[in-house]
Amino acid sequence: MRIPEDLRYTRDHEWVRREGGEFVAGITDYAQQQLSDIVYVELPAQGTAVKQAEPFGSVEAVKAVADLFAPLSGEVVAVNAALGDDPGAVNRAPYEEGWMIRVRASNASEFEGLLTPAQYGALLAELGGGAS
Amino acid sequence: MSDQGQARSADEAMLAEIGVGSFDELIAQVPPRLRLAKPLALPAPLAESELRRLYGDLSRKNYDPARTPSFLGGGVYDHVIPAAIEALTWRSEFYTAYTPYQPEVAQGTLAAIFEFQTMICELTGMDVANASMYDGASAAAEALLLARSVNHGGRALLAPGVSPRVRGVIATHLEGAGVALEILPEEGGRIDIAALPHALRAGPPACALLVQQPNFFGLLEPLDRLPEAVAAAAGERPHLVVSADPLSLGILAPPGRWGADTVVGDLQPLGIPAQFGGPTGGYFATRAAHVRRLPGRLVAEARDAAGRRGFTLTLQTREQHIRREKATSNICTNSGLLALRATIYLALLGPGGIREVARQCYARAHHARAGLTALPGVRASHAGPFFREFAIDLGQPAEALVAGIHARHGILAGIPLGRFYPGRTNELLVAVTEKRTREDIQALTAAVAEGLALPRGAREKGNPSHAEP
Amino acid sequence: MPNPDRPTPAPPAEAAACSLQGAVEVIFERSVPGEPGYRFARLDVPEAPPEGELPAALLREQPPLLPEVSELEVMRHYTALSSLNHHVEKSLYPLGSCTMKYNPKINEELARGPAWALLHPDAPESSIQGILELLWRFERDLATIVGMDAVSLHPAAGAQGELLGMKLFRAYHREKGNAKRTVLIPDSAHGTNPASVVLSGFTPREIRSGKDGRIDLAALDSAIDAGTAGIMVTNPNTLGLFEKDIEEIAARIHAVDGLVYMDGANLNALVGLALPGAMGVDAVHINLHKTFSTPHGGGGPGAGPVGVKAALAPYLPLPRVVREGEGYRLLQHDSRSLGRLHPYVGNVGVILRAYAYIRSLGPEGLRAVSRAAVIHANYLMRQVEGAFPVAKREACMHEFVSSAAWTRAHGVRNIDVAKRLLDYGFHAPTVSFPLIVPDALMIEPTETETRRSLDRFAAALMAIAREVRETPEVVQGAPGCTRVGRLDEAEAARRLQVRWTPPGAPGAGDPRG
Numbered sequence: 000m001r002i003p004e005d006l007r008y009t010r011d012h013e014w015v016r017r018e019g020g021e022f023v024a025g026i027t028d029y030a031q032q033q034l035s036d037i038v039y040v041e042l043p044a045q046g047t048a049v050k051q052a053e054p055f056g057s058v059e060a061v062k063a064v065a066d067l068f069a070p071l072s073g074e075v076v077a078v079n080a081a082l083g084d085d086p087g088a089v090n091r092a093p094y095e096e097g098w099m100i101r102v103r104a105s106n107a108s109e110f111e112g113l114l115t116p117a118q119y120g121a122l123l124a125e126l127g128g129g130a131s
Numbered sequence: 000m001s002d003q004g005q006a007r008s009a010d011e012a013m014l015a016e017i018g019v020g021s022f023d024e025l026i027a028q029v030p031p032r033l034r035l036a037k038p039l040a041l042p043a044p045l046a047e048s049e050l051r052r053l054y055g056d057l058s059r060k061n062y063d064p065a066r067t068p069s070f071l072g073g074g075v076y077d078h079v080i081p082a083a084i085e086a087l088t089w090r091s092e093f094y095t096a097y098t099p100y101q102p103e104v105a106q107g108t109l110a111a112i113f114e115f116q117t118m119i120c121e122l123t124g125m126d127v128a129n130a131s132m133y134d135g136a137s138a139a140a141e142a143l144l145l146a147r148s149v150n151h152g153g154r155a156l157l158a159p160g161v162s163p164r165v166r167g168v169i170a171t172h173l174e175g176a177g178v179a180l181e182i183l184p185e186e187g188g189r190i191d192i193a194a195l196p197h198a199l200r201a202g203p204p205a206c207a208l209l210v211q212q213p214n215f216f217g218l219l220e221p222l223d224r225l226p227e228a229v230a231a232a233a234g235e236r237p238h239l240v241v242s243a244d245p246l247s248l249g250i251l252a253p254p255g256r257w258g259a260d261t262v263v264g265d266l267q268p269l270g271i272p273a274q275f276g277g278p279t280g281g282y283f284a285t286r287a288a289h290v291r292r293l294p295g296r297l298v299a300e301a302r303d304a305a306g307r308r309g310f311t312l313t314l315q316t317r318e319q320h321i322r323r324e325k326a327t328s329n330i331c332t333n334s335g336l337l338a339l340r341a342t343i344y345l346a347l348l349g350p351g352g353i354r355e356v357a358r359q360c361y362a363r364a365h366h367a368r369a370g371l372t373a374l375p376g377v378r379a380s381h382a383g384p385f386f387r388e389f390a391i392d393l394g395q396p397a398e399a400l401v402a403g404i405h406a407r408h409g410i411l412a413g414i415p416l417g418r419f420y421p422g423r424t425n426e427l428l429v430a431v432t433e434k435r436t437r438e439d440i441q442a443l444t445a446a447v448a449e450g451l452a453l454p455r456g457a458r459e460k461g462n463p464s465h466a467e468p
Numbered sequence: 000m001p002n003p004d005r006p007t008p009a010p011p012a013e014a015a016a017c018s019l020q021g022a023v024e025v026i027f028e029r030s031v032p033g034e035p036g037y038r039f040a041r042l043d044v045p046e047a048p049p050e051g052e053l054p055a056a057l058l059r060e061q062p063p064l065l066p067e068v069s070e071l072e073v074m075r076h077y078t079a080l081s082s083l084n085h086h087v088e089k090s091l092y093p094l095g096s097c098t099m100k101y102n103p104k105i106n107e108e109l110a111r112g113p114a115w116a117l118l119h120p121d122a123p124e125s126s127i128q129g130i131l132e133l134l135w136r137f138e139r140d141l142a143t144i145v146g147m148d149a150v151s152l153h154p155a156a157g158a159q160g161e162l163l164g165m166k167l168f169r170a171y172h173r174e175k176g177n178a179k180r181t182v183l184i185p186d187s188a189h190g191t192n193p194a195s196v197v198l199s200g201f202t203p204r205e206i207r208s209g210k211d212g213r214i215d216l217a218a219l220d221s222a223i224d225a226g227t228a229g230i231m232v233t234n235p236n237t238l239g240l241f242e243k244d245i246e247e248i249a250a251r252i253h254a255v256d257g258l259v260y261m262d263g264a265n266l267n268a269l270v271g272l273a274l275p276g277a278m279g280v281d282a283v284h285i286n287l288h289k290t291f292s293t294p295h296g297g298g299g300p301g302a303g304p305v306g307v308k309a310a311l312a313p314y315l316p317l318p319r320v321v322r323e324g325e326g327y328r329l330l331q332h333d334s335r336s337l338g339r340l341h342p343y344v345g346n347v348g349v350i351l352r353a354y355a356y357i358r359s360l361g362p363e364g365l366r367a368v369s370r371a372a373v374i375h376a377n378y379l380m381r382q383v384e385g386a387f388p389v390a391k392r393e394a395c396m397h398e399f400v401s402s403a404a405w406t407r408a409h410g411v412r413n414i415d416v417a418k419r420l421l422d423y424g425f426h427a428p429t430v431s432f433p434l435i436v437p438d439a440l441m442i443e444p445t446e447t448e449t450r451r452s453l454d455r456f457a458a459a460l461m462a463i464a465r466e467v468r469e470t471p472e473v474v475q476g477a478p479g480c481t482r483v484g485r486l487d488e489a490e491a492a493r494r495l496q497v498r499w500t501p502p503g504a505p506g507a508g509d510p511r512g
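Residue numbers (numbering that gives the first Met the number 0), protein chains in the order written: chain B, 0 to 131; chain L, 0 to 468; chain A, 0 to 512.
So that you can see chain B by itself, here it is in the shape it has in the complex (with noise of 0.2 Å):
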């Protein structure tokens, strides 16, 4: 189970890199194993304001989909295209080749929420650990 140590996350499972005013975001190592092979990324459009908390967009797998949650509060710069052909790089990287979007945030203090890889890590212990 992989928690790297640069980024910050949420209690849906998602991952955040902050890079200046910008974050980019994703589902983590535990959602995708929990998700098992995913089929299909539906994200918004550039330009689309998100809001933290709020979904954004879903991730479908064979016998699951799950709504992403914006874990900060912006206005979406880039989504990547490349998952449109190949969902399942959200399975083989998901903190890499597997980002999902980046997004101007508009409230810098909500960072400081997020949960931190210790936190974060803490989080999956007290749910069982998830798959091996």
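Misleading hints may appear alongside valid ones.
Capping the alpha-carbon separation at 20 Å, the derived lysine to aspartate or glutamate pairs in EDC-like fashion look like this [as the list claims (entries may be wrong)]:
| id | chain 1 | residue 1 | chain 2 | residue 2 |
| --- | --- | --- | --- | --- |
| 1 | B | 62 | A | 438 |
| 2 | A | 243 | A | 215 |
| 3 | A | 391 | L | 24 |
| 4 | B | 50 | B | 109 |
| 5 | A | 308 | A | 174 |
| 6 | A | 104 | L | 85 |
| 7 | L | 434 | A | 43 |
| 8 | L | 434 | A | 46 |
| 9 | A | 308 | A | 256 |
| 10 | A | 243 | L | 24 |
| 11 | L | 60 | A | 323 |
| 12 | A | 243 | L | 85 |
| 13 | L | 37 | A | 363 |
| 14 | L | 60 | L | 49 |
| 15 | A | 175 | L | 174 |
| 16 | L | 37 | A | 323 |
| 17 | A | 308 | A | 148 |
| 18 | B | 62 | A | 186 |
Here are some of the chain A residues that sit facing chain L, going by a computed Cβ distance under 8 Å [stated by the list, open to error]:
| id | residue |
| --- | --- |
| 19 | 393 |
| 20 | 452 |
| 21 | 455 |
| 22 | 478 |
Simulated from the structure, these hints should not be mistaken for lab results. Glycine is no exception: its CB is placed at the ideal position from the N, C-alpha and C atoms.
Given chain B, put chains L and A in place with the hints provided.
Here is chains L and A on its own, set in the frame of chain B:
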């Protein structure tokens, strides 16, 4: 029916092995006051021979379809049903099979659905089609709900020629969905194309435009002129939904050519018997972009680990059993066996056969209308082009005439329009399929002529020498 | 851990035996250009070429791509396809809440006869008194069986019955001026329940089941408020347990002028034994393709008539059959009706089969149905629970839920057990439902199975349990004896090849061949 006496003693032995003394013990969780003390008040059981007699006796109170030429249409048509369809759908492997949730033991059902989806795409000019809907009417309702989820407009515009029954079903489904239904202006029984841009601009944005082809009066709508008329309206283009008779698509252009976003329809003309209106099947076809909004089931090609090609249900995450309260539709059981009938029908006919049957319907209907409108006092209700159905104005109440023709000649002459349109009691909707021979049509024409000439009181009466229908 | 949605190769010996016959074919692959199709009678009226009168724009330019095959090829192809299906006359379908009982042949014969099958609904009413009488009698018999006052035949399936039920609730509350928003649903409910609630404009509110698997009265109380339009219950519930407190539950809902809807999917446990109407239920749908033996058709058609108490009867959809003197007619207009649901009066073809079934059983026969259904389920549960423990240790009604959670320790999942059952010649039970039991196997044998059939099924499950411990890879790789093995559903969902395309056409086929 198995011997109930024998079954009961085997069951009693099972009770002992379960470890209870009596059945009452086994159902201890059912409060005693809820348990029925005596059997239900229903008639005594019937053996097979008695059931045949019961159904035989009851059917003598119906007209005999085998001996009654029918010119009834209005959404259900008397088309030829090839013998092979019955033979194949009598196979237990098809008609007693469950929904194909375990694909490895349901490749028969799944492959046939894949074929069905393909054939519907071909007929309609759409990219994707689902595994079937309950009927064409609920398919139209679901198409409007899909349009609303894409377009968010608060109005759905219905062409005036959409069947009143379909309109009724749509109204029930869309009640409470936040979409106002509006009927567009009519011109000669068809959509008034000149008035369409104004209708689109006047009022809240329209999420959808629904047109039926051929329409309820049998007329062909000018689909080719729709894209231009719709483009002339301001604002976001409404989702164009065409409800198309699948048999007519043997000669008519696929609605996809005219910018249809979704095409739906009823499968009944494709090898499905009338069955007093149900069950039938519906089809639902749309553009690739909307595949994730498709209601109902969808079958896709798949491979196993050895690389063998098979078929499986796909995108089940849209469906109610997974998406639950977020599902776009609650449809579960649909019309599998009826879609299979339609598939076999289209396979038997092929491109040549579907063209032939459509052309025959067209020729016979035109021949019939020519003969009927040549009768004094009878006019065609509309001037526009038609496929296999048309309305005529008899100049007299159609209900009485139709009842009299059935009583005297055993012919079902048509559907009186007064049943749906209060002001149109003198008009009759007549459908002519490839089953109606030259003699049938001649007999109808003669019967109408005779009926019109009778004095008012005698029109609906039978001839005393005919048996009671 | 192996991914259950991604196929694992079957053990070599079994795979080799089954790979000789090649891929599953589609009819297009048998097409021979120029093969004449079905022969129609010759045209005996003057030709009327459509291109003579219709604008070219309305006419098809290219023929549709349909197969060109002879009748023999059609028969061979679909017969071959049929042999790839499991079906009721092959062996058991132990699917919980599906009630896959035997479909008596006499019902098929009667319903398919042209005297009934070709009747047109718009014929003059005097000429269709037989069918109207049958429908009227059928409504009365159904009302008797479920203890209700009136029945609608409109719904084409159980899910449409649920939708109708929710719309009836809306009509009732609207007329009374009640401000109602929510419908309560137990967490064990089938997915159609919350979907139907949402589609009718209400908001579903989930109530947690108690420790005994039934609706928890305390949870119910905290969920009920003035905005509660009603509750949707299944009884027996999806665990196969009778909701003992159903009358109390109904009373508490009625106390806020709410209504009780019962999903009748499990009616097979109750026919002739207990009446939903006596439990405080206000509306109940009846799955004719479950309880009343009409065939499943590979996914329909079905029918889901709804029985209602008198308070809801005025809102029932139209048209419906009414008695008038000595005859019958179709009532077409009533201002309080919520309108039309079915394009005609209902799935009459299905009803013809169900009515024959009811008339063939009579009151004692119907009572024997639920009795045998409950006995068979309990008998099978006792045989099976050693290998696959049952969630609730008490007698079940007509179905029970086992858990396969223990197999995870061996690298196996419930879906693998289900797939291995296919190799033993049985269909799998319902898998992973209800959601409240981990790794559920929901099993309903029905009353028409023999003891021998139940014993053979139990033996297969026991054998598979042994395989899980001793040779788990065989279970993980199952099925190995079917025409195709486990299919890669993830890849199928990504590729989305949902129609056949001719080889060489854009988007055709799979580069892997």
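Hints, one by one, checked against the model:
1. Distance check on the hinted pair: residue 62(B) and residue 438(A) sit about 14 Å apart at the alpha-carbon level, within 20 Å; holds.
2. For the given pair, residue 243(A) sits about 11 Å from residue 215(A) by alpha-carbon distance, which is consistent with the 20 Å threshold.
3. Restraint check for residue 391(A) and residue 24(L): satisfied, since their Cα atoms lie roughly 17 Å apart, inside the 20 Å limit.
4. Restraint check for residue 50(B) and residue 109(B): the C-alpha separation of about 11 Å stays at or below 20 Å, so the hint holds.
5. Distance check on the hinted pair: residue 308(A) and residue 174(A) sit about 16 Å apart at the alpha-carbon level, within 20 Å; holds.
6. Under the criterion of a C-alpha separation no larger than 20 Å, the hint pairing residue 104(A) with residue 85(L) is consistent with the structure, at around 14 Å.
7. Note on residue 434(L) and residue 43(A): the hinted pairing holds, with a Cα-Cα distance of about 11 Å set against a maximum of 20 Å.
8. With a CA separation close to 16 Å, the supplied pair residue 434(L) and residue 46(A) stays within the 20 Å bound.
9. Simply put, residue 308(A) and residue 256(A) have alpha-carbon atoms about 14 Å apart, close enough for the 20 Å limit, and the pair holds.
10. Distance check on the hinted pair: residue 243(A) and residue 24(L) sit about 15 Å apart at the alpha-carbon level, within 20 Å; holds.
11. Distance hint between residue 60(L) and residue 323(A) is fulfilled; the C-alpha atoms sit about 16 Å from each other, no more than 20 Å.
12. With a C-alpha separation of about 46 Å, the suggested pairing of residue 243(A) with residue 85(L) is violated against the 20 Å cut-off.
13. Under the criterion of a C-alpha separation no larger than 20 Å, the hint pairing residue 37(L) with residue 363(A) is consistent with the structure, at around 10 Å.
14. Taken as a hint, the residue 60(L) and residue 49(L) pair is honoured in the structure, with Cα atoms around 17 Å apart against an allowance of 20 Å.
15. A distance of roughly 18 Å separates the Cα atoms of residue 175(A) and residue 174(L); the hinted pair therefore holds under the 20 Å criterion.
16. Distance restraint check for residue 37(L) and residue 323(A): the Cα-Cα separation of roughly 31 Å exceeds the 20 Å cut-off, and the hinted pair is therefore not satisfied.
17. With a CA separation close to 5 Å, the supplied pair residue 308(A) and residue 148(A) stays within the 20 Å bound.
18. A hinted pair counts as satisfied when its Cα atoms are at most 20 Å apart, and residue 62(B) with residue 186(A) qualifies at roughly 19 Å.
19. Given the 8 Å rule on beta carbons, the hint for residue 393(A) holds: about 7 Å separates it from the nearest Cβ of chain L.
20. For residue 452(A), the suggested interface contact is broken, since its CB lies about 11 Å from the closest CB of chain L, more than 8 Å.
21. Given the 8 Å rule on beta carbons, the hint for residue 455(A) is violated: about 15 Å separates it from the nearest Cβ of chain L.
22. At its closest, the beta carbon of residue 478(A) sits 5 Å from a beta carbon of chain L; the interface hint therefore holds under the 8 Å criterion.
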